[in-house]
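Now for the letters of each chain:
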Amino acid sequence: MTSATSAKRIDDNNKNDRTNREGLRGWLNPLTYGWERVSYWFQRLTGIFLLVYFIGHVYETSSLVSGPDAWAAMLELTQTVGGHLFLILVIGASTLHTVNGIRLIFTQSGQGLGKPGRPDYPYDPTSVNNKQRSGLWIAFILAAVAMLYGANVLFSGE
Amino acid sequence: MTSDSIKNNRNKNKNMTKWFSDISFLRESQIMKIHYITGVGALFVVAIHIMMRLIMPFNMSLEFENVILNYKNIFYALLLESILVLIAIHGFNGLRVILLELRQTQIWERGVNILVIVAMIGIIAYGTRTIIIANGFSLG
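Heads up: the sequence lines are chains A and B, in that order.
Here the first sequence stands for residues 100 to 257, where the numbers follow the numbering used here.
Here the second sequence stands for residues 27 to 166, where the numbers follow the numbering used here.
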């Protein structure tokens with residue numbers, strides 16, 4: 100076999116070998132979830148959700164320039180039970196994304212990770228410690244509180 | 027893989043991506059700093075934006091006249107513009123990070139970079155148009 104043929108075969112194998120490219124399936128696989136994985140997953144899902152909401156919100160508010168009727172028609176979409184529930188989800192997602200994001204800023208600057216230790220069995224990473232876990236719990240609790248407050252404001256109209 | 031085939035692949039990639047400009051003018055560490063700064067900045071300005079909705083009954087605050095009055099206040103208009111810019115940068119850079127985690131080829135990276143920059147500029151331009159018109163300035 101010439102070196103050119105061999106190189107071509109290796110190239111073809113590399114092109115067809117997709118075992119290490121799990122893509123979205125790997126991203127969403129819940130079988131290997133730890134705390135960091137839950138945080139990673141929620142941060143990305145809430146981020147995408149909020150970006151979609153942001154684009155929709157910019158479009159929604161642009162109806163202002165078409166006058167009061169267009170504004171009222173657009174506003175009617177959110178003044179329903181479904182619209183309120185959607186806004187409550189936005190409130191929860193933005194709170195979770197914010198609080199977890201602040202935790203991640205500290206984490207990426209090396210705060211709250213603990214001292215590095217020898218990797219002994221059962222190989223629990225020292226970085227996933229109580230500080231990190233409580234940070235995530237605080238994010239979930241604050242998101243729930245914000246959603247309750249938002250529900251109260253939206254459904255009572257006050 | 028031989029060095030010849032590596033060179034060939036590099037040349038092939040160069041040819042495939044010659045239509046895209048090289049926009050790697052910032053290092054990833056600098057982009058992440060911008061990501062964090064825009065995130066924290068957005069937290070403060072969005073908090074003020076939400077509080078403006080709660081200084082009177084929520085439904086009343088969304089009436090056309092009240093919203094237009096908000097937009098006519100130059101400080102509030104500047105606040106809205108800063109929300110628009112900060113969240114557009116933070117949001118679309120976040121999307122870029124997610125998309126680059128899914129695949130790492132030169133053509134994909136440059137395509138994603140261009141896509142998010144165009145989308146970012148588009149949404150900022152569209153939102154700015156609303157702020158300017160609602161504020162009362164004429165676009166001609």
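Rather than coming from a laboratory, the hints here were simulated on the basis of the structure.
Heads up, a few of these hints could be off.
[Said to hold, decoys possible] Straight-line C-alpha distance at most 30 Å; calculated BS3-like pairs for lysine-lysine: (1) B:K59 to A:K214; (2) A:K230 to A:K214; (3) B:K59 to A:K230.
We went through each hint and held it up to the structure:
| no. | hint | result |
| --- | --- | --- |
| 1 | B:K59 to A:K214 | 24 Å, holds |
| 2 | A:K230 to A:K214 | 13 Å, holds |
| 3 | B:K59 to A:K230 | 23 Å, holds |
Of the numbered hints listed earlier, not one is contradicted by the structure.
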